[in-house]
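Okay, here's what each chain looks like letter by letter:
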Amino acid sequence: MKTIIINYGAGNIQSIKFALQRLGVKAILSNDAQEIKTADKVIFPGVGEASSAMKKLKESKLDKVIPTLTQPVLGICLGMQLMCNNSEEGNTEGLEIFDTDVVRFSERVEVPQIGWNTIRNLKSPLFEGVRENEYMYLVHSYYAKKCDEMIAESEYDINYASALQKNNFYGVQFHPEKSSKAGSKILENFLKL
Amino acid sequence: MLTKRIIPCLDIKNGRTVKGVNFVNLRDAGDPVELAKIYAEEGADELVFLDISATEERRKTLQKLVLDVAAHVDIPFTVGGGISSTEDVDRMLQAGADKVSINSAAVKRPELINELASKFGNQCIVVAIDAKQIEGKWNLHLVGGKVPTEIKLFDWAKEVEQRGAGEILFTSMDNDGTKDGFANEALTKLSEIVNIPIIASGGAGNMEHFKDTFIKGKADAALAASVFHFKEIGIPELKQNLKANGINVRL
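In order, the protein sequences belong to chains V and C.
Per the working numbering, the very first residue in the first sequence carries number 1; after that it's consecutive.
Per the working numbering, the very first residue in the second sequence carries number 1; after that it's consecutive.
These are computed hints drawn from the structure, not numbers from a lab.
C-beta atoms are modelled at their ideal positions from N, C-alpha and C, and glycine is treated no differently.
Take these hints with a grain of salt, some might be off.
[To be verified] No more than 30 Å apart at the CA atoms, straight line, and that leaves these computed lysine-lysine pairs for DSBU-like:
hint, chain 1, residue 1, chain 2, residue 2
1, V, K123, V, K146
2, C, K132, C, K189
3, V, K56, C, K137
4, C, K37, V, K192
5, C, K64, V, K2
6, C, K137, C, K218
7, V, K56, C, K119
8, V, K181, C, K243
9, V, K123, V, K145
10, V, K185, C, K64
11, V, K26, C, K64
12, C, K231, V, K26
13, V, K185, C, K37
14, C, K243, V, K185
15, C, K231, V, K181
16, V, K64, C, K64
17, V, K58, V, K26
18, C, K243, C, K211
19, V, K181, C, K64
20, C, K132, C, K64
21, C, K13, V, K56
22, V, K61, C, K119
23, V, K181, C, K37
24, V, K55, V, K2
[Claimed, not checked] Computed beta-carbon distance windows for the label pairs:
hint, chain 1, residue 1, chain 2, residue 2, range
25, V, R108, C, E159, 19 to 27 Å
26, V, T70, C, N206, 50 to 58 Å
27, C, N114, V, E88, 14 to 22 Å
28, V, V103, C, K216, 52 to 60 Å
Bound-form chain C, shown alone (with noise of 0.2 Å):
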């Protein structure tokens, strides 16, 4: 049986991990490829490495990054952040990367998706998707959830599954940073709307949060950040808590 996925998140500035609290305020978490090493060998089942920096150099940077993590790490790894280009996603496969996110080049651009679905195959092209909820309606945020736009959360799921998506990585930016659990009724709502997985992200605090997303959000997997980088949860406890909580996982 297929199981339930655990991702740490690894925020990348200038080639080194950083967390931000809801986007803002970052803070150094260490070196990325010890991170993910560490990740890796405690059972993390797969990483996401998202690049903030907004250098002119940060295409090589990245290049260099995700060579070093696919030499030294045997799990399966995503890379987003500034990814706009046919040419940029092939570079970042080339290096190793097994799936790459877009965000907000799909928006502006939703034809990218169907281009990168055709070129490399749906299942490595993850969409990010950065929401907020404006008088109860879920808005997308671009631009780290800086920037409101008026597309409509569950019309853009849709699309970007018909255009070929092979995941979906949903950030509720209400959550993101709070501690307070996953947005789990969007959650549920998206994987009621689509048939491709659903990675949450935005929220964690606790295991119980881990279990509620599963559970309650129907999610695939599962993304956090500072809860892993400040080993405020252990992934082994977190995986044997939710086993023993009857949800599948990798052990």
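If we strip away everything but chain V, and leave its shape as in the complex, we get (with noise of 0.2 Å):
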């Protein structure tokens, strides 16, 4: 199996090539529209600003060959946003899979949200294993609001959708490869998919 993390230059990518490393598997890191239309997995992640995450997406070309991919696709964290209709960080257009925005936290709250909330209403194989009102860990200012493709909801200032799914499309908000046991799960759910 091969599995491709893109590496685009906006990613805490270390990370999760570790944790993939952790479940026995080697990652492949690129950003070549070729060899990542070849994987079987691929793993968008995204950390740092969207818009300027969003333009070194564009300047690999990668903005058009994501949304064509049809194998499993797991966006992560901003990798999840840009996936998006839109977000309103830096005003970006995002890849248009996800029929929802990204919109940021109120006042109300600590911005950004980092730390452990939990994950509910799980719909989605990639949950499989995964109990409701688990642990995930997020650090976001920024969230997805609910919609027809959520898979997953989460609380903080609102609800929101803290996982997506479309079709081969999926997209988290929390961070996986950061999420101890129950995260590790997910991660192994998604490449068995």
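Taking the hints as your guide, dock the two standalone chains into a single complex.
Printed below as a string of structure tokens:
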């Protein structure tokens, strides 16, 4: 099985690579369109600011490639946000895979949200063997609004979509690679899809 | 609901864990990666590695340690100590650190916070603030608390938030090493004046102190070292105790 982590200069790639390594999978880091197209599984990470991450994605022309992929794709954190229609952060146009928008948490709460929060209403093979209200590690200032493609939700300020799925595309706001055993289980489930 | 975090801090010197009482008299408390794995297993929510070595090779040694930790530990961790440039931060994040903590470098050149936040995102920039009361006023101290400054704690906290810090790690030098509890009054004031998470540090001696800093001090996270390293407090027991006291923790 060929697992690729998209390496476009905007992600904590090392942690994901190590998390997969702990599952016995040696992932390839790549920003090459051909290589990515031929992978069995694609992980699309992202950390940092949305508009600059999108700019980097466009520089490597991956913004045109990702939406056409047919194998399972997992967007993590900013990766998931970039797969939505658009983000309030830097007025960024997204890849329009998930039909929802990304907006900033209100000033009623501390921003960014940093720490462990629960995920619930789990609805996807991605969460097989993961209990309702399991804790996941999250670090983010912007969130995806609830929508039909939501497969998990969390509460901070409001209820929002902490995971999304449309066909072969999956997105998680939390960091499975940093979420202890339950996070590892989610990665393992993704690899089995 | 977002939970309160328990964060063991590992002071690192030349690749080994140490913990000073009031930042002096260092004692050896083991191998950092082994300790980190144990803490993750026991339910620590995050880890902080604070490098206090002053050698030429420190960068390389620390980078190697970060890689080692990232390979073996499945919870988030922060690296701090001597980080003073964009390149330093880049190196640590590339090696697998989730966040970096900056202290003196931010005081010397506050623009560094803006630069780091815009390049890496504010979520991975922790500003560590060491302060001590001088005639009833909280003043910033540098170099592990040894050098007093004229800068006032609350002004600085507000400034670092505006410049893009994602979190504040506040250590009270008056409480650190005393095991008499955290500086809850100052912590409460901090959480009132800024809208980013505050990590309380300095003074943990028993489980009650953690409960107090979450309730009275309104802290988002509590950091401690020796009580964990010397097994005076077990993390599973601590979290059970906090839960029994109505504090939302990850179990």
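Discussion item. Holds or violated: the 19 to 27 Å window for the beta-carbon distance between R108 of chain V and E159 of chain C?
Written reply: holds (23 Å)
Worksheet item: For the pair supplied as a hint, K185 of chain V and K64 of chain C, is the alpha-carbon distance within the 30 Å limit?
Response: It holds: about 27 Å lies between the C-alpha atoms, which stays within 30 Å.
Worksheet item: When you check the alpha-carbon spacing of K181 of chain V and K243 of chain C, does it fall within 30 Å?
Response: OK: K181 of chain V and K243 of chain C at ~21 Å, within 30 Å.
Worksheet item: Is the Cα-Cα distance between K243 of chain C and K185 of chain V 30 Å or less?
Response: With a Cα-Cα distance of about 25 Å, the restraint between K243 of chain C and K185 of chain V holds, given a limit of 30 Å.
Fill in: Hint consistency between K64 of chain C and K2 of chain V [alpha-carbon to alpha-carbon, up to 30 Å]
Holds, at about 28 Å.
Worksheet item: Regarding the pair K181 of chain V and K64 of chain C, is the alpha-carbon distance no greater than 30 Å?
Response: Cα-Cα ~24 Å, so holds.
Worksheet entry | Pairwise beta carbon distance, V103 of chain V to K216 of chain C, judged against the given window 52 to 60 Å | violated (34 Å)
Discussion item. So if I understand the rule, the pair passes when the alpha-carbon distance is 30 Å or less; does K132 of chain C with K189 of chain C pass?
Written reply: Distance ~15 Å between K132 of chain C and K189 of chain C Cα, so the pair holds.
Worksheet item: If you draw a straight line from the CA of K243 of chain C to the CA of K211 of chain C, is it 30 Å or shorter?
Response: Holds, because 9 Å separates the two Cα atoms, which is no more than 30 Å.
Worksheet item: Would the pair K231 of chain C and K181 of chain V pass a check requiring their Cα atoms to be no farther apart than 30 Å?
Response: Within the cut-off at roughly 24 Å; holds.
Worksheet item: Keeping to a limit of 30 Å between CA atoms, is the pair of K26 of chain V and K64 of chain C held or broken?
Response: It holds: about 20 Å lies between the C-alpha atoms, which stays within 30 Å.
Discussion item. Between the alpha carbons of K64 of chain V and K64 of chain C, is the straight-line distance 30 Å or under?
Written reply: With Cα atoms ~37 Å apart, K64 of chain V and K64 of chain C exceed 30 Å; violated.
The structure is inconsistent with the numbered hints 3, 12, 16, 20, 21 and 28, although it conforms to all the rest.
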